[in-house]
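Participant: Could you build all of it, start to finish, from the sequences and the hints given here?
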Amino acid sequence: MPDTPPATATAGAAVPVQDPAQVAIAVVIPAWNQPGLLPEALASLLAQEAAPPLAAVVVDDGCPSPATAAVALQFAAAHPGRVFLLRQRNQGLSAARNTGIDFALAAFPNCRALFFLDADNRLLPRFLARAWAALQDAPPETGWFYPDIDEFGGQQNATCAGEFSLLHLLVQNYCEAGSLVRREVFERGLRFDTTVMRAGFEDWDFWLQCARAGFRGRHLPEAGFLYRRRPESMLAAAERQRDHLLRLLRERHAPLLRPRSLAALEAAEAPRFALFEVDRACVQLCLDPDRAETVEPPAFRRRLLQAARAPGAAHAPALCAFAEAEALDLLRRQRLLPMLLWWAERLLREHDLVALEIAAAETDELSFELLRGPAEGIARAALLLLGGGRLLRFAEDPVSPEVVSLDGEVPLPRVARLRLALPGPVPAAGTGALRLLQAEVAALGRLRAAGEGLPAPWRTDWRGPRSGMAGAARAAIGLGATLPVLPRPGRRDIGFMLPLFAFAGVEKVVLNQSRVLRARGWRTHLVIAGALRMQHGADTAEAFDSITLFAGLGEDDIAWAGGYFDAAMSRFGQAPGVADALGALAGCDAVINTHSIACHALAAPLRRLGVKVFGALHLVERTAWDEPLGNPHALAAYEHAYDGVLVISDALRRWCIGHAVPRDKVLLVRNAPGYPADPRRVAEALAARATREGALRVLFLGRLDAQKGIDRLAAILAATQGPEVAWRVVGRAVLADGARALPGVAVEPPVQDPAALDALYAWADLLVLPSRFEGVPLVILEAQRMGCAVAATDVGAVREILADGEEGVLVPGDLPEEAIITRFVETIRRLAADRAALRALGARAAARAGALDWEENMREFLSRLDALVPPPAAETPPVSAPVAA
26 MPDTPPATAT AGAAVPVQDP AQVAIAVVIP AWNQPGLLPE ALASLLAQEA APPLAAVVVD
86 DGCPSPATAA VALQFAAAHP GRVFLLRQRN QGLSAARNTG IDFALAAFPN CRALFFLDAD
146 NRLLPRFLAR AWAALQDAPP ETGWFYPDID EFGGQQNATC AGEFSLLHLL VQNYCEAGSL
206 VRREVFERGL RFDTTVMRAG FEDWDFWLQC ARAGFRGRHL PEAGFLYRRR PESMLAAAER
266 QRDHLLRLLR ERHAPLLRPR SLAALEAAEA PRFALFEVDR ACVQLCLDPD RAETVEPPAF
326 RRRLLQAARA PGAAHAPALC AFAEAEALDL LRRQRLLPML LWWAERLLRE HDLVALEIAA
386 AETDELSFEL LRGPAEGIAR AALLLLGGGR LLRFAEDPVS PEVVSLDGEV PLPRVARLRL
446 ALPGPVPAAG TGALRLLQAE VAALGRLRAA GEGLPAPWRT DWRGPRSGMA GAARAAIGLG
506 ATLPVLPRPG RRDIGFMLPL FAFAGVEKVV LNQSRVLRAR GWRTHLVIAG ALRMQHGADT
566 AEAFDSITLF AGLGEDDIAW AGGYFDAAMS RFGQAPGVAD ALGALAGCDA VINTHSIACH
626 ALAAPLRRLG VKVFGALHLV ERTAWDEPLG NPHALAAYEH AYDGVLVISD ALRRWCIGHA
686 VPRDKVLLVR NAPGYPADPR RVAEALAARA TREGALRVLF LGRLDAQKGI DRLAAILAAT
746 QGPEVAWRVV GRAVLADGAR ALPGVAVEPP VQDPAALDAL YAWADLLVLP SRFEGVPLVI
806 LEAQRMGCAV AATDVGAVRE ILADGEEGVL VPGDLPEEAI ITRFVETIRR LAADRAALRA
866 LGARAAARAG ALDWEENMRE FLSRLDALVP PPAAETPPVS APVAA
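The sequence shown maps to residues 26 to 910 in the numbering used here.
Hints are computed from structural coordinates only; laboratory data are not their basis. None of the values given here were measured: they were computed from a predicted structure. Hints may be right or wrong, so weigh each one.
As a list, the in silico EDC-like pairs of lysine to aspartate or glutamate whose alpha-carbon atoms are at most 16 angstroms apart [claimed, not checked]:
hint, residue 1, residue 2
1, K690, E664
2, K637, E652
3, K690, E885
4, K533, E885
5, K637, E880
6, K533, D878
7, K637, D591
8, K637, D675
9, K533, D891
10, K690, D891
11, K690, D675
12, K533, D564
13, K533, D582
14, K690, D668
For each label pair, taking beta carbons as the anchor points, the in silico distance ranges come out as [to be verified]:
hint, residue 1, residue 2, range
15, A386, A784, 24 to 34 angstroms
16, A781, D819, 24 to 34 angstroms
17, D354, A467, 21 to 31 angstroms
18, P897, P150, 31 to 41 angstroms
19, E387, P896, 35 to 45 angstroms
20, Q113, D268, 49 to 59 angstroms
21, A784, E825, 24 to 34 angstroms
22, D891, P280, 12 to 22 angstroms
23, P897, E709, 41 to 51 angstroms
24, P896, D591, 37 to 47 angstroms
25, A386, A781, 18 to 28 angstroms
26, R824, T716, 24 to 34 angstroms
27, A781, E387, 18 to 28 angstroms
28, D891, D389, 29 to 39 angstroms
We treat Cβ as the ideally placed atom computed from N, Cα and C, and that holds for glycine.
Facilitator: Laid out in structure tokens, this is it:
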């Protein structure tokens, strides 16, 4: 096309000037070094049919070719009031667009929308009429209207069909810069970035700014936008820097990519799961099973088939679960359903089906395992999970050998079999889940067959499938499968990481801290890293909103020596499974790592994701050579990655400060008794002690291992046999060093029930604890509350809860072994003979221990949490201003 446009009016005739007040649409055309193409763009604008009054604003961005300004001036002269030329020094595409925006807003007071047309593109005659009609019909929050892309010069006709999805936009920019944008967007101060994104992706950045300001886009179908495709262009130059530009883009819009923001978007735009329950007529679509949308099965099938035909335009859940209703209810009550779905998502990467068996545990332990044996039938699985794509493949031929084999002993699909054993009653195994899956395969197959022969869409869909966009967004920030727990309005979430859960002192502390946090409105989540079994009871399900166990993700890759000052060092951060482990925790506002050495490697990545991370320390351990070493030493190497460190004693606080942990990071959270006591039972126990006579009742309660001094206990038992002393030993060996005979006493099994514990402490006159190292043992506080005197080695922080000679007896822990044993024996004999002294010790201890309170002890930590993660009422509103450069 020639540089000079043809005459558009008869020579000598006056050309009417368009009134600026009439302009409804302003079209901004940045122009630089394309004088031969600019006339085509302008001519296509001037040829618009049935459109409202429009004006073209050509911005000459310091073009080195004088022909650019000459062309624009000729068009402006031929179409006064319809074509304008602005000139500036070269500042780049974004600045040129912004210059045009500012001019249009000032020059055209009644302009309702702006359109961006690059100088090398064109519009078909009715494009702006269609775009204007869409604008008139749309609600105010619809900020822009983006077209399909029909190439000329190239061969593709690309669709951008489907409901607008911000989640999809975070992964791919499918909104062409050639979009109609509502005036209100610019009146909010939004502009194209002229600094960080100057090298490219400036339009993508602009749409994300609009989304953060509360606007949404809308697809403009069959609009008539013509995109000139050439092998060398600004887009091609930007693509060569794609990784760099993506990093910049994600840094600018980090709030949208926070895990909790992504979860909310996924739940709203792309639910991950479809849940089918036996005897339930509807299908539940959800990210979080507790926040599901229900649809009729025919509607779900149509959605699944539509997503198969147009994966970039339509979404269907990536995972489908078929379940017995009783099994699903049990998993919900036990807080285990999110874990199961998280496991299934990971396993379905390499398997066709996941089958869950639920069994009754023989002990008080919950166990969860991936069965590795020969393939077995799945007919009696409580839950069956498979991908939506696999469900469609089954439906292609519902009587194929693969589908028929699901009823057999050796199914042909690759099956991952999980077994969950739970204490207490569990539902009887049935065939309902498999029958429900088979019925859905048959129904889906019939619907699919009815639609065979329909023509495929003629436009190319270059976008990734919507079913995978949430996973792609998570991968962009280093996450794999995320725990399917949706943030709740008005609630905050905190996770507790532990390497095991055995109802010992550390676990009881976590349970009590969790109860306090839940009472203050937090949701609490337990994550066991490296163990697939745990002690589990009613208290556990009541204390946590979700429970997740994992192993085999690389958490066992620990250098046990050679780390910082020879402490253990985690290599988990380099493991392939770390993205999934982070996904189990990334939805939390805060996380507390209690003694998981592996999870130290997660602290820094979690903080980068916006999670506040705390370490929790309970004691300095001792090696077999009595060398101090353990969790505090390991944490010291990662201290900079933590927002704070919780310690249970002044001794640990001093240790941390002495090892260069900043003083203001160390938060003292003292222990209290491990369970709430019945005041009536406490009063009865204290009253009974006043008149009790007979043999001195001595109790040992704890693990039977070297740390607890099991060898010392054996010697003390042997030396105190006789009618004046009655012994009870309650506990079990956890490690091999607990396998030691205890003379003259039958070891009773561990006790967890509060009433049974109260009865033990009420029975005992004296609790003996000859440990080699300790933190702040809960067993001492629990015994003291019931008026039981305590004799313990002076190790760890025991003296912080036991005043020697006032509330009990401390035996120096640095004495020779024989001397320690002798001191304990002497203490037992002395108190057996002096009941007044015994009662006085117990009474003073009961007065102090009975006043201890978990919430009061946590007050400093709770205040720090509120400062770092403000309560919902104090949260700031969503970003509504332009993104700072």
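Participant: None of the hints should be skipped; say for each whether it holds.
Facilitator: These are the hints, each one checked on the structure:
1. K690 - E664: Since the Cα atoms of K690 and E664 sit roughly 9 angstroms apart, the hinted pair holds (cutoff 16 angstroms).
2. K637 - E652: violated, 33 angstroms
3. K690 - E885: Status holds; Cα separation ~11 angstroms.
4. K533 - E885: violated, 20 angstroms
5. K637 - E880: With Cα atoms ~20 angstroms apart, K637 and E880 exceed 16 angstroms; violated.
6. K533 - D878: holds, 14 angstroms
7. K637 - D591: Roughly 27 angstroms between the alpha carbons, so the hint for K637 and D591 is violated.
8. K637 - D675: violated, 24 angstroms
9. K533 - D891: violated, 23 angstroms
10. K690 - D891: With Cα atoms ~15 angstroms apart, K690 and D891 stay inside 16 angstroms; holds.
11. K690 - D675: Answer holds: K690 to D675 is near 14 angstroms, not above 16 angstroms.
12. K533 - D564: Distance ~10 angstroms between K533 and D564 Cα, so the pair holds.
13. K533 - D582: Violated, at roughly 27 angstroms.
14. K690 - D668: Holds, because 7 angstroms separates the two Cα atoms, which is no more than 16 angstroms.
15. A386 - A784: 24 to 34 angstroms: holds, 25 angstroms
16. A781 - D819: 24 to 34 angstroms: holds, 29 angstroms
17. D354 - A467: 21 to 31 angstroms: holds, 26 angstroms
18. P897 - P150: 31 to 41 angstroms: Given range 31 to 41 angstroms: violated, Cβ gap about 52 angstroms.
19. E387 - P896: 35 to 45 angstroms: Given about 44 angstroms between the Cβ atoms, the range holds.
20. Q113 - D268: 49 to 59 angstroms: For D268 against Q113, whose Cβ atoms are near 31 angstroms apart, the range 49 to 59 angstroms is violated.
21. A784 - E825: 24 to 34 angstroms: holds, 27 angstroms
22. D891 - P280: 12 to 22 angstroms: For P280 against D891, whose Cβ atoms are near 21 angstroms apart, the range 12 to 22 angstroms holds.
23. P897 - E709: 41 to 51 angstroms: Distance hint for P897, E709 holds at roughly 43 angstroms.
24. P896 - D591: 37 to 47 angstroms: holds, 42 angstroms
25. A386 - A781: 18 to 28 angstroms: Hint holds: Cβ distance 20 angstroms, inside 18 to 28 angstroms.
26. R824 - T716: 24 to 34 angstroms: holds, 31 angstroms
27. A781 - E387: 18 to 28 angstroms: With Cβ atoms ~20 angstroms apart, the hint holds.
28. D891 - D389: 29 to 39 angstroms: holds, 36 angstroms
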